[in-house]
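Enquirer: Here are the chains, one letter per residue:
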Amino acid sequence: MAENIDLTLLDKTLEDYASVKGSLITVLQHAQDIYGYLPEEIIKHISDKMSIPVAKIMGVATFYTQFRLKPVGKYLIMLCKGTACHVNNSDLIEKTINETLGISDGETTEDGLFSLKNVACLGCCSLSPVMMINGETYGSLTPDKVIGILNTLRQNALEEGNEQ
Amino acid sequence: MKIVVGEGSCGIAAGAAKVYSAFEKLTEKYDGIDLGFTGCNGMCFLEPIVDIYDDNGDLTRLVKVSENDCEAIIKAVSENSLEDLEALKISKEDEEFLNKQTRIALRHCGLINPEDIDEYLACDGYKAVEKVLKTMTAQQVIEEIKVSGLAGRGGAGFPTWFKWNAARNSEGSEKYLICNADEGDPGAFMDRAVIESDPHSLIEGMLIGAYAIGAGEMVVYVRAEYPLAVKRLEKAIKQAEERGFLGENILSSGFSCKMRIKAGAGAFVCGEETALIESLEGNRGMPRLKPPFPAQEGYWHKPSNINNVETYANVAWIILNGGEKFAQMGTENSKGTKVFALTGKIKRGGLVEIPMGMTLREVIFDIGGGIRDSKKFKAVQMGGPSGGCIPESLLDTVIDYKALAQTGAIMGSGGMVVMDESTCMVGMAKFFLDFTTKESCGKCVHCRLGTKRMYEMLTRIVEGNGRPGDIELLEELCYSVKDGALCGLGQTAPNPVLTTLKYFRDEYEAHINNKKCPAGECSALIKYVIDSSKCVGCTKCAKNCPVNAISGKVKQPHAIDADKCIKCGKCRGNCNFSAVEVR
Chain A
23 MAENIDLTLL
33 DKTLEDYASV
43 KGSLITVLQH
53 AQDIYGYLPE
63 EIIKHISDKM
73 SIPVAKIMGV
83 ATFYTQFRLK
93 PVGKYLIMLC
103 KGTACHVNNS
113 DLIEKTINET
123 LGISDGETTE
133 DGLFSLKNVA
143 CLGCCSLSPV
153 MMINGETYGS
163 LTPDKVIGIL
173 NTLRQNALEE
183 GNEQ
Chain B
33 MKIVVGEGSC
43 GIAAGAAKVY
53 SAFEKLTEKY
63 DGIDLGFTGC
73 NGMCFLEPIV
83 DIYDDNGDLT
93 RLVKVSENDC
103 EAIIKAVSEN
113 SLEDLEALKI
123 SKEDEEFLNK
133 QTRIALRHCG
143 LINPEDIDEY
153 LACDGYKAVE
163 KVLKTMTAQQ
173 VIEEIKVSGL
183 AGRGGAGFPT
193 WFKWNAARNS
203 EGSEKYLICN
213 ADEGDPGAFM
223 DRAVIESDPH
233 SLIEGMLIGA
243 YAIGAGEMVV
253 YVRAEYPLAV
263 KRLEKAIKQA
273 EERGFLGENI
283 LSSGFSCKMR
293 IKAGAGAFVC
303 GEETALIESL
313 EGNRGMPRLK
323 PPFPAQEGYW
333 HKPSNINNVE
343 TYANVAWIIL
353 NGGEKFAQMG
363 TENSKGTKVF
373 ALTGKIKRGG
383 LVEIPMGMTL
393 REVIFDIGGG
403 IRDSKKFKAV
413 QMGGPSGGCI
423 PESLLDTVID
433 YKALAQTGAI
443 MGSGGMVVMD
453 ESTCMVGMAK
463 FFLDFTTKES
473 CGKCVHCRLG
483 TKRMYEMLTR
493 IVEGNGRPGD
503 IELLEELCYS
513 VKDGALCGLG
523 QTAPNPVLTT
533 LKYFRDEYEA
543 HINNKKCPAG
553 ECSALIKYVI
563 DSSKCVGCTK
573 CAKNCPVNAI
583 SGKVKQPHAI
593 DADKCIKCGK
603 CRGNCNFSAV
613 EVR
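Same order as they appear, the protein sequences are chains A and B.
Residues in the first sequence are numbered from 23 upward in steps of one, following the working numbering.
Residues in the second sequence are numbered from 33 upward in steps of one, following the working numbering.
Hints should not be assumed to be uniformly reliable.
The calculated lysine-lysine pairs, modelled on DSS-like cross-linking and capped at a C-alpha distance of 27 Å, are [claimed, not checked]: (1) B:K322 to A:K117; (2) A:K34 to B:K290; (3) B:K470 to A:K92; (4) A:K167 to B:K322; (5) A:K78 to B:K322.
Since the hints were derived computationally from the structure, they do not count as laboratory data.
Computed from a predicted structure; not experimentally measured.
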């Protein structure tokens with residue numbers, strides 16, 4: 023996959039920030055927005071351009087939960103594991119996703135459709151238990167509701183695939 | 033007539049954006065109806081909320097509105113027949129939720145359009161900055177804050193004036209004012225609501241602080257998970273720059289100050305001020321040794337002041353209304369109001385701002401309406417992973433920094449998670465330790481390894497493998513971590529364990545000695561049984577059982593084979609007759 027990574031997409035970010043001290047996290051955030059994750063080539067590229075050792079960049083990239091070193095699926099499920107969701111049985115929701123998709127926290131389905139990520143709190147506590155998929159929030163979840171949502175998304179992806 | 037849709041993050045999650053766009057399409061057809069939006073008024077349990085203001089400014093509030101209701105609403109509004117909307121109107125009982133609050137930090141939330149500076153200006157916006165820049169010295173500002181008794185609302189409750197004064201007195205001309213909007217406490221969302229609903233009040237409060245300490249640059253460190261807050265704050269900063277409230281020579285006073293946003297990348301420890309500074313500098317967010325304090329050597333080793341969002345949101349009000357008026361509210365050692373995010377097994381969950389000195393019972397039962405589904409109150413968790421669980425016997429504790437600390441919990445940033453009898457307290461402690469173990473930055477041994485060992489022990493207990501002596505060992509470990517950890521994260525991480533041990537020790541003992549979970553939550557320690565007197569033999573449970581552990585004929589009581597049962601709970605969730613019991 024290395025040959026597909028277009029380093030020039032990051033030029034504008036590096037131009038804006040490479041010489042601004044303390045902006046490594048911002049650059050990594052932009053890079054992840056562009057590529058969906060932080061590929062090794064990009065980390066090396068940032069290291070060259072910003073004169074920051076790869077080891078330090080890796081240190082930062084692995085410290086914060088936002089950064090990913092592997093690509094994610096078409097649908098990124100962010101499952102809220104905050105306190106209010108915990109009290110309202112988010113563990114059962116997690117189990118349902120695990121069983122339905124066959125993936126655990128941090129994994130992606132083999133077809134590349136779904137990734138699951140447990141997150142600390144989405145701040146929609148009154149709708150708990152909650153998950154967010156590609157920016158859309160789904161609240162007051164039950165196992166049946168979750169299965170329904172996942173099926174719909176899978177169906178949508180299939181239809182999109184057929185259209186192409 | 034004006035229709036205003038509440039569009040905070042939680043409102044949008046509940047469908048407010050769809051409601052808004054439905055109205056948008058419809059208003060084209062009707063003349064004389066303005067459509068607008070506002071932030072979050074805190075009544076999360078009633079979202080999406082639509083406020084209708086008539087030409088006299090009188091309000092009719094509609095709740096739990098769906099996009100399908102919009103046509104009827106707009107018709108009623110255009111025909112001036114609001115009585116047709118009776119079914120959607122907020123109930124008298126739910127109105128109490130707001131009526132019993134006193135709002136300062138949330139004073140504009142849900143009332144103004146957060147993306148329009150003119151609406152903020154119309155309610156005395158930026159008047160406090162004007163007053164400060166034109167009529168007060170920095171020392172007078174600090175004095176006014178001192179009189180108000182405002183303390184840091186992020187959790188520690190340190191007097192705000194003291195921090196400001198220390199930063200002011202530190203040598204050097206380059207100083208920074210930082211806002212901690214990295215609201216990491218799971219179950220708290222006050223700061224997000226303030227930024228999303230009233231971003232200019234944050235800017236104004238920070239500007240006053242910057243003037244007081246002599247800072248030329250302000251930075252807001254916002255959680256990456258709050259995209260709407262970032263977007264609205266960016267817009268607000270731009271508008272404030274255009275109107276001359278930010279930048280060079282503000283209001284021709286000679287005072288200059290700029291402002292920028294830095295998005296966090298997800299690390300709970302960055303709520304600790306020195307870790308936050310490390311993160312701002314582009315490093316791993318690991319706390320520094322104190323002293324030197326940020327007021328002496330902070331961001332880029334220059335004097336810096338850090339407060340959280342809610343603290344700054346009070347400042348403009350204090351300057352305009354006087355510190356004394358603020359100090360009249362509250363108790364002897366806790367002044368003013370505090371915002372809480374009331375969540376969990378509560379009837380009316382949302383944002384609550386109340387004067388200090390109110391009791392927990394008043395907040396949970398009078399404002400929050402008590403426990404939902406007619407279950408029994410068990411505990412309230414305050415202060416998130418750094419706080420503790422307060423039992424029913426202490427519900428008359430007043431909200432006050434000292435009184436809450438005496439219970440073993442803390443005021444915290446404002447998370448208030450209510451639990452009923454079905455929540456296992458050992459499981460709750462394990463939940464928080466799971467969180468702190470993952471969020472420990474790893475710098476000091478006590479926190480890195482101590483929290484992990486505690487988590488392992490709690491896991492053992494909830495899985496039915498607890499051993500005699502585990503409770504004592506847990507306690508010993510708690511005190512070691514408390515004493516040995518470098519920063520607030522580690523020092524407070526044992527609090528959820530210590531408070532549950534203090535108030536719910538019998539639950540720990542039941543798990544360890546009797547291998548039972550009194551709340552019926554820990555799957556390793558419970559079994560599902562069908563009550564034959566309630567079972568009507570509908571076969572629904574048997575059909576839904578993933579391992580075929582349920583047998584029985586149609587219209588006859590069913591039974592669960594305990595050896596086959598994997599305790600998934602599907603039978604219980606599916607039973608319409610409450611015949612499946614947990615024992």
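Enquirer: With a cut-off of 27 Å on the C-alpha distance, tell me whether K322 of chain B and K117 of chain A pass.
Expert: Judged against 27 Å, a Cα distance of about 43 Å means the pair is violated.
Enquirer: Can the restraint linking K167 of chain A and K322 of chain B be considered satisfied, given a maximum Cα separation of 27 Å?
Expert: violated (49 Å)
Enquirer: Between K470 of chain B and K92 of chain A, is the straight-line Cα distance small enough, at 27 Å or below?
Expert: Roughly 20 Å between the alpha carbons, so the hint for K470 of chain B and K92 of chain A holds.
Enquirer: Given the hint that K34 of chain A pairs with K290 of chain B, test it: the Cα-Cα distance must not exceed 27 Å.
Expert: holds (24 Å)
Enquirer: Would the pair K78 of chain A and K322 of chain B pass a check requiring their Cα atoms to be no farther apart than 27 Å?
Expert: holds (24 Å)
Of the numbered hints stated above, those contradicted by the structure are hints 1 and 4, listed in ascending order.
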